[in-house]
Amino acid sequence: MSILLDDKSAIVIQGITGKMGRFSARDLTAYGTRVVAGTAPGRGGLEVEGTPVFSSVAEAVAETGADSSLVYVPAPSALDAVLEALEAGIRLVVYPGDGLPVADAVEMRAAARARGAAFVGPNTPGLISPGKAKLGFMPSFCYRRGGIGVISRSGSLSYEVSHRLTQAGLGQSTVVGIGGDPVKGVNAAEAVAMFDADPETAAIVYLGEIGGGDEYDLARYAQGPGAKPVAALVVGLASPPGRKMGHAGALIGSRADSHAAKIAALRAASVAAAETVSELVPALRGLVGTG
Amino acid sequence: MSILLDDKSAIVIQGITGKMGRFSARDLTAYGTRVVAGTAPGRGGLEVEGTPVFSSVAEAVAETGADSSLVYVPAPSALDAVLEALEAGIRLVVYPGDGLPVADAVEMRAAARARGAAFVGPNTPGLISPGKAKLGFMPSFCYRRGGIGVISRSGSLSYEVSHRLTQAGLGQSTVVGIGGDPVKGVNAAEAVAMFDADPETAAIVYLGEIGGGDEYDLARYAQGPGAKPVAALVVGLASPPGRKMGHAGALIGSRADSHAAKIAALRAASVAAAETVSELVPALRGLVGTG
Amino acid sequence: MTRPRGRAFYSPVLMLEYEGKRLLRSVGVRVPEGALVGAAAEVDGLSLSYPVAVKAQVRSGGRGKAGGVVRAEDAGAAKAAVARLMASAFDGERPASVLVEPWVAAERELYLSVTVDGGAGGFVVLVSPRGGVEIEGGAPPLRYDVGAPAAFRAHRLREILAAAEPDAAVREGVVRLARLLLRLAATRDCTTVEINPLFVLAEGALVAADAKIVRDEWAAFRDGEIAALIAEDRRHRPEAIRRCLEAGLMLVPLEGEIGLISGGAGMTMAAMDLIARAGGRPACFLDCSANPTPAGYRLSFDLLESDPGVKVILVSIFGGATQMERVARVMVDIVAARTARKPVVFRLNGTNAEEADETLKRHGLDNHATLEGAVAAAMALAGGGR
Amino acid sequence: MTRPRGRAFYSPVLMLEYEGKRLLRSVGVRVPEGALVGAAAEVDGLSLSYPVAVKAQVRSGGRGKAGGVVRAEDAGAAKAAVARLMASAFDGERPASVLVEPWVAAERELYLSVTVDGGAGGFVVLVSPRGGVEIEGGAPPLRYDVGAPAAFRAHRLREILAAAEPDAAVREGVVRLARLLLRLAATRDCTTVEINPLFVLAEGALVAADAKIVRDEWAAFRDGEIAALIAEDRRHRPEAIRRCLEAGLMLVPLEGEIGLISGGAGMTMAAMDLIARAGGRPACFLDCSANPTPAGYRLSFDLLESDPGVKVILVSIFGGATQMERVARVMVDIVAARTARKPVVFRLNGTNAEEADETLKRHGLDNHATLEGAVAAAMALAGGGR
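Chains as they are written, first to last, in the working numbering: chain A, 31 to 321; chain B, 31 to 321; chain C, -17 to 368; chain D, -17 to 368.
Read the hints as simulated data drawn from the structure, not as lab findings.
One or more hints might be untrue.
Stated by the list, open to error - Covered stretches of chain C (chain D as the covering partner; in silico rule of three or more C-beta atoms under 8 Å from a C-beta of chain D): (1) 38 to 49; (2) 165 to 172; (3) 192 to 199.
As the list claims (entries may be wrong) - Derived lysine-lysine pairs resembling DSS-like cross-links, with alpha carbons at most 25 Å apart: (4) A:LYS162 - A:LYS38; (5) A:LYS258 - A:LYS162; (6) C:LYS343 - C:LYS324; (7) D:LYS324 - D:LYS293; (8) D:LYS194 - A:LYS274; (9) C:LYS194 - B:LYS274.
Since the structure is predicted, the reported quantities are computational estimates derived from the model, not experimental observations.
Beta carbons are placed, not taken as given, at the ideal position from N, Cα and C, and that holds for glycine.
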């Protein structure tokens, strides 16, 4: 098992004729992912990297049975593309783009929930269930199949940490980038619940940062009865308060947003909390041994 | 039978402590309507005209079993009040007020439909099922129980015509004011369908005007197989084009909006169409005899 | 300053072209970079590249056919055009300003609008692959019934457009633009946002060459721009009309001899229709139902008393929430206080009608039992029909 | 003209008080009728009734405690206050203007805001029966998790308020106001609309005595006001920062000796943290991931080369969509072209990392295998840690 994505997932890439769409069509297929369709309005009938292109997601679903979507369209069209996917019956929609108005992220999240579907994004590299399927643009060599479920608010940091896990022999069930914006689709609490229910996941690694409240949701989970072992990294130790560190969500506005407060809360909840990236693998080893 | 409202309907008046609320509490009860509750935020525990007042519609429903609501609040609060009623499980909500932003009417209509409830308004006197119950502020003496279902875009005109019907011995099953705004809750097509399904209704009288397309929906119904007899009045014969005649919807913008076009379309659909109010009762008599 | 003057009828919440374009630009729609002038001399202050379009800022329809848009090849021609347009009237409306814009070379002209529609229960998107002044005469536009704004789906509109617009890039541009216009309509309380013509440039870009935006006057409480449009409009209305608007009376001045004071839009039209059928002409549509107070009725009487064309006043009210015995008492007071000689005919019915009837009779005033009777009496007093 | 100058950090899309109040007024919120002045002499042109509040227009927090709001009893005192405030700095920020308003006598001060919140998956409404400058220290505000704007229910907020606000009329006023603020946030792309304090007047009316409105910078494509705020802000930023902003580089200048060029917010912070733990200080947060092009990287180098505090440049990138062999080639070109002497340390990893590694090596450049190794090397080149 794994969460959200596995080797049965059938992928449609919305915006497949663009640069990122073409790259992912090639890259995902190379990873063994079942990329069954692409869409590009008005360009149905083409092929991109051997993948058939349709004019609408509904057609793609009807013709190919696609159930998961990776959306590469500019921010002003993103809400429309995500709504199209959901209405066509897609169960997992990933929107990796950044620069999305938060009001549109709110609508995407609400629309996915109303349909009982999963939305991942915005501002994320996507997710990968190593050895099974990839739905995003993370570097494949960083990952290896195993029992660690990884949740990350940051893209590059998840590559870095996954690479360290892989090098340490600690494979991953699924690595999901939940994104750096304050309002997201699948959030930390929801991703944790999915990993909790996944038999293949033995322990959870959470990669957080200053700002926002996701880390407190994680602490709440870790405190509960029967929680799986959790290790966490919080970055932003050296970031001054009151300034947005790249991510819209990474801003120390109140005391609870700070690095120290989050580390303290996580430790109080028995999370193996790393203060820097160097400490994460050792912290996790303390929980799960050598994997 | 009748449509929407009958002697089993249990009424809550939202805004019962205001002038119109108090008037209707007295007037509806005098008509024999089951007014079971009123609401006024923060004023639960009061009584108005013998009716218990609650702070919320949910409380009123829980305590009294109210299923229909008459909403007397100013336009800026109307959407909130209607949403409150719908969320509390009210099945029929009447908002008589005028001056409502059309965007809010759109939301009210959508919210009622999403819950499978009926919304009547805005800009309407409400509805009455003569001899059973009244949910609005029309003059009671104009009505008498019978088999004519009346639909009106205009308030005063519906009193005038109902009075004429009553004087002519033609009683009414239900008289519903659908309102003069372009976007409404129950519209002409929906009201006609309800009367069509109502065994007590033998014939339908429609009171329309220039502007908008409701009259064409009526013609479509009358043309269909097994339609009940329909008489209609269209006012605005003497109104110049391009000017809004009081109602937001009463404006001749295109040829189809005009009095002549509507009369012609109705007649082509075998509707007994009256060009002035004087002709309506005779036209109806031609369909149903002396009632 | 920039509102039109004149006697033509127009909606107070219909924005002028330049106002509409400013609003369109603010939400990301491409419009020509124009400048507003009030006199020919102001053209000298502009940095323009010719040719330019010189466009009278009026609300009346049919401006293009009436010569309200002029192409000018140089500054001299532009100044002459400004002077001529400022001195012209369009359907009785004199422009308060003139918009000078670069002349845009269009490959094609489309039509695009988002408007409130009862049948859709909300908004519709209308698109025609052929826009311009001839839109009214051509095939009906493609229609996407959206309903509530949240129900907009770009892919639905795309499907609808596929049937009639062969250029995929233009389709996508129109879909994006429709989304922006719908958002504008929903967030800024517009009942119509119309772009006609919508220019397709050689490189495929879409440019709004005109703008007709109608706001929702009932949303003035939450939109200062709408409140400002209404206030500005009132400043330029004739005094009598302004006073009615301020008092909440719905007035449409007409040119007849029967001064009708009524309540309710449908009932007012019904009475007007009976007057017309009897060979008379109503002097106005005047609906007092939103302000059934002594002040409201007194204002209505003042208006009709001072209109030399009005020969008789007909008060026709069928009240529901309006308590008719109170109306009757107000009428008695008004009649007692007035010095004018115009005859008045009453037909009051509705809630507490019997008391109203008695009140009028006690003061020697007739109350007609039927609308037909009242209209006949008014016609007789006005000197008969045709 | 009216934007603050100075070196303080502030969000480009945080509106000044007077801008926020103008927006609040436009959606129907009552605010004091103030006037904006830029110099003491301008006070003479205003028609004021004293006392007045004279308020420095700055974005920095804690203005009240820092003396940025002055009560003036007459014109002389007001002029003196304007002059003093215009010459003051608040947290390094000099006001570009001063707002002069009638001094409002409040019975009570509340706190009301609508803001984006991840936990709510959208908007929350926050209300405190005690507002003013002490809000931070008091009990946490009442919280209504709305989520999507369409999910707002006045009766839910009413229930939440019932627990803490005993005055039913005030509760109703707050509910109505919250609805307006939420509509404003949703329709005009605001991430925060905060009124603190919200005055309750003796007659029960609610008046916004301050306004803190933050717009969503990513919505600039559909809101001209946001685009204008960003453009105006850029005009007043130091040149280096302006160029970074225009190039899509995320820059937060700090005051350290390690010039970090990085990719991705989390990865950048992770590297900063390692630098700090090694006893160093990063010179900046500089995330190039939104513009991983030769121009973007060149600009980053220029910025750090010209900062005299920077002793070493550390390039740390772990690329996913960014193809690292291309980045390596860009780095080779930049290093070859530069004349400055500051040492550069590389740690490139990610997609096509092996080719990147080879490219660097082929040109005599080291590529560190680990972030820790790269940080240690940079620290050594900068002259060691603490």
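### Task
Of all the hints given earlier, name the ones this structure violates by number, lowest first.
1, 3
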